[in-house]
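Chain order of the listed sequences is A and B.
Here the first sequence stands for residues 4 to 157, numbered as in this note's numbering.
Here the second sequence stands for residues 4 to 157, numbered as in this note's numbering.
The hints are simulated quantities; they were obtained by calculation from the structure and are not laboratory data.
No distinction is drawn between identical chains; accordingly, a pair holds when it is met within one copy or between any pair of copies.
Derived BS3-like pairs (lysine-lysine); straight-line CA-CA distance at most 30 Å:
1. Lys75 x Lys97
2. Lys112 x Lys102
3. Lys112 x Lys144
4. Lys118 x Lys53
5. Lys118 x Lys44
6. Lys136 x Lys49
7. Lys114 x Lys97
8. Lys75 x Lys114
Number of protein chains: 2
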Amino acid sequence: MKLLHRIMVGLIILGVGAVASAQTADTAADGVRAADAAWLKVYSAKDLNKSVAFFDDQGSLLSPNDPIATGKAAISKLIASDFSFGDLTWQVDKAGVSKSGELGYTSGKYKFSFKDPSGKPATDNGKYLTVWKKQTDGSWKVLFNMFNTDLPPS
Amino acid sequence: MKLLHRIMVGLIILGVGAVASAQTADTAADGVRAADAAWLKVYSAKDLNKSVAFFDDQGSLLSPNDPIATGKAAISKLIASDFSFGDLTWQVDKAGVSKSGELGYTSGKYKFSFKDPSGKPATDNGKYLTVWKKQTDGSWKVLFNMFNTDLPPS
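Here chain A stands alone, though its shape is the one from the complex (with noise of 0.2 Å):
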């Protein structure tokens, strides 16, 4: 009895152990996932400073038909065309952190709507990747966002 009680005790740990890591996972997933709803909410309400603000210093825009944007001057700018051309929404499909805690990813759908040339209301769907830094106050930047679009080409 005590051989096998020492496997079950033995068991009972391992278990928890497995069970403690999976929650460190999901917690530090948990952190890129909040920031990534955080932006989402203030790109929503077309808060040109505070989106932009959630780019590291040395944060990139990928954007289609323009070139790589670094630094939040050039970034602003692009942010700002895209707020008076229309309306984006995104939403989060996977997000992972590293084991040390201070670089992660969101990847997920955007929609964007906005009218024609005509006036008429046309939607863009597409897909979005995030690279995220952990800062040294502990809040997540954009290191990389990056999209493009499902649609065929027009």
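Could you slot chain B onto chain A? The hints should help.
Below, chain B alone, put in the same frame as chain A:
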């Protein structure tokens, strides 16, 4: 003199520590840079099996004008279509790896040479972002690869 000596030794240790830390970061990023270069080699040679094998089993290809392709079967279809359409090359610009060493990224520019519908040689220039995950065997595999064009809408 003794205090000065101690301060000097302290500064030297700090200096060596800073150099060692910078070297660690560089060496870590070298891993994803090498993986990026090895992938480019088999991609340029249009080796479909080896190109697809660079993806993690849960990997996704986020290609313009198509929904997210996850898993090797869906990715293989997209890459095969790419191979038949033209010649791709790319150059890494930025690379980084988490402190824990299992999550990394590469980003840079691509050039895609193809023939337009009239048969004339044409070139698309754009950018890419790849998220890499180190496997249990120590190799780096692609968790996400995404690209889009720098050119204005056609």
